[in-house]
Amino acid sequence: MYKWFLAWRYLHTKLIAFFGIASVSLCVAMVLVVMSVMGGFLDTIRERSRGLHSEILLETSSLQGFPFYGEFQEYLADHHADTVSMTTPVIYTYGIFRVPATKYTRPARVVGMRLNEYTQLNDFKQGLHYEHYFPGTTHLGPQRMPVGGIDANQRLVLPKDLEAANARWRESETDVEKKKNYEANPYEMAIYPPYVTTPIYGERVYAFGDDGPGYVGPKNSGVIIGCDMLNERRDDGDFDRFLARGADIAVTLMPISPGGNVTGEPPVRLPLRYVDDSRTGIYEIDDLCIYVDFDMLQHKLAMDPQALADGGMSRARINQMLIGLHDGTDLETGKAVVSAAWEKFLDSLGNKPSLMDVNMLNHTSVMTWEDMQRPFIQAVEKEKVLVTLLFSLISLVAMALVGCVFYMIVEKKTRDIGILKAIGASARGVAGLFVAYALAVGICGAILGTGLGVVFVWNINDIQSFLASLNPQLRVWSPEVYSFDKIPEIVKTWDAIGVAVVAVLASVAGSIIPATIAGRIWPVKALRYE
Amino acid sequence: MLRAYDLYKAYKMGKASVEVLSGVSLSAKASEFLVILGSSGSGKSTLLHLLGALDIPDKGDVEFQGKSVFQRAKKSRENYRNRDVGFVFQFYHLLPELTVLENVIIPRLIGTPALKWLSHRREAKKEALAMLDRVGLSHRVKHRPNELSGGERQRVAIARALINKPTLLLADEPTGNLDEKIGAEILDLLSEFNSAGQTIIMVTHDARVAVRAHRQVRLVGGKIEKVVPAQPSPALA
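Chains as they are written, first to last, in this note's numbering: chain A, 654 to 1183; chain B, 1161 to 1397.
Hints should not be assumed to be uniformly reliable.
Cβ pair distances, simulated, as ranges [unchecked claim]:
| # | chain 1 | residue 1 | chain 2 | residue 2 | range |
| --- | --- | --- | --- | --- | --- |
| 1 | A | Trp657 | B | Phe1251 | 24 to 32 Å |
| 2 | B | His1299 | A | Leu1043 | 56 to 64 Å |
| 3 | B | Ala1274 | A | Leu668 | 24 to 32 Å |
| 4 | A | Leu668 | B | Phe1251 | 49 to 57 Å |
| 5 | A | Cys1057 | B | Leu1278 | 30 to 38 Å |
Everything labelled a hint here was simulated from the structure, so no lab data went into it.
We put the beta carbon where it would ideally sit given N, CA and C, even for glycine.
Bound conformation, chain A alone (with noise of 0.2 Å):
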């Protein structure tokens, strides 16, 4: 008892306990703040690579894609309608990316999908920007440029059909404070033409046409740009455009035949126009991919039935089929169906595959969308245990400071010591004593450690753009490097439940050897110690 009652005298009494507690609070709140904004990146990516594409993927490791896949739709619908909700074809390949009005040109990983069907399956749509402000109105098919005009009663309006989209995006949207950032900026008008040319930045613009609002140019099929392909990023994570919705786009592709080598005609240009873009989180994603058309792009990739020499047809190939799986289907459960099915749909196919088409499905693979991020989501895992480790490492700093910290208390107190023992103590409880002393210190520590980082963890972003502001430089969260606009500010409970743990644990080892010591101490050599 008299161990418990010292050491919490102790601890309010002797300045140097303050060091102790603050060193420990100090690593508590490191590696919080450590473990925190890595298990939130770890979380995010989790999270994102979900929505990025459906539980089940039937991919293709090779470019040239893989045939039959329409056929084996069917037997899935036929088959397995009780696990298998719905699917639809995807088809990757890369291209050259070009904005015609100022000559920019970059590569670009094409995507053909169908737009109405690949959103039911992930969350695709949530990452489209116009789509938001005027529902309804992002489609990939051909279709002309938006400009804006005066209409008659001299109001800067957009064509109908995007104001009415917009009018029912007002009347939908419950956030009042996303509704009023609308109202005081609506959207940007370029001049029409040279709308790009135009220095014009803001969340949304669309081109100003001298006929009043309406459509203008040729048509041309839609594409959806990732949201760092074209735009600059604030720093409060939101971005400026520049390029107006309906600008010109040309993507320049080079078809693959099912034989795996690019075709001798000249490289596909494909006209396209700037609809939307797609913001799924990640940064390599959204700095590399366009989204077009599914039909259009296999066909003009040659990836659709074709004549061969021999007369015969070739088949339509993909490069990936994204399956869901309905509400409460187990993931594991969903892929171990549709492996069994496509191992059976192959079966069942016989003598009706070429050799080049056996050699295609050969590089077929059944994955689930973890299977499919594994690769990634590995690294981060690895990375956070990693700099966990380091700054864990670090830490031992602090038991170190503890054990510093308590021999020099045992070196102050040595008389006590003797005193203690001179009225009855024993080794043991002197011993003791140091050691609760070093526990109550670890439990202070701990606690503000945890509500420091905690407290910093929720407003790192602030802190962040604080320091920004002072120094630019200061901002070191950069999206290129970390794929999220935002440092994660989430810490679990778990997490600072268990740092908070090992931190106490931690400064009790800290004090072993000098409670050890303190404990051997002679109590006629204490009592004589000045």
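Fit chain B to the known structure of chain A by using the hints.
Same frame as chain A, but now just chain B:
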């Protein structure tokens, strides 16, 4: 009640060994006030430390109520220091972080298991307050040692030494750090406890202090040179 047999103790001073006690034998009866006289370095404090089991002799033993002190288990020796013996030191040796009351109560706290303490603490506090009243410090219970005079500190040390009602009180130059008047007050207090039956062994180099005792033992060069027979204590006279 207490017997010391042929006690030897040497300390190492670098490579040399200095023999402080060379075969000291001594006994004290219940309720006796025994003074060990000696000049500085004669070994009297070492002898007191051995009697109180604060140190271990190189040779010889101490018997308390017929039982060896140094052949006991460590735990039993700790209990001996806590319950059977009370110490008063020249430099008071109070714990500076604790109040007067807490300093007095701490030996009771050490000797009581945690669970028992919960039910026992009111009684312990009451006894500590009574003890402080007896040494004339009931008005200083909440003060810290650094707020007290030397005489008051020594009174607290006496109260702490007696809180567990030990059979034996060992006092090491209790007046050595006090002026004559305050020293006399402390000796009066000790004599008062002695007259109430408390056995006291006191170490001093001051012959004027020694006259208060029933019996004096003179220690010279680590050996007992002279034993002065029992005489009535002036305090009792």
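Consistency of the hints with the structure:
{"no.": "1", "hint": "Trp657/A with Phe1251/B: 24 to 32 Å", "in the structure": "holds (27 Å)"}
{"no.": "2", "hint": "His1299/B with Leu1043/A: 56 to 64 Å", "in the structure": "holds (60 Å)"}
{"no.": "3", "hint": "Ala1274/B with Leu668/A: 24 to 32 Å", "in the structure": "holds (29 Å)"}
{"no.": "4", "hint": "Leu668/A with Phe1251/B: 49 to 57 Å", "in the structure": "violated (24 Å)"}
{"no.": "5", "hint": "Cys1057/A with Leu1278/B: 30 to 38 Å", "in the structure": "holds (36 Å)"}
Hint check: a violation occurs at hint 4 only; the rest are consistent with the structure.
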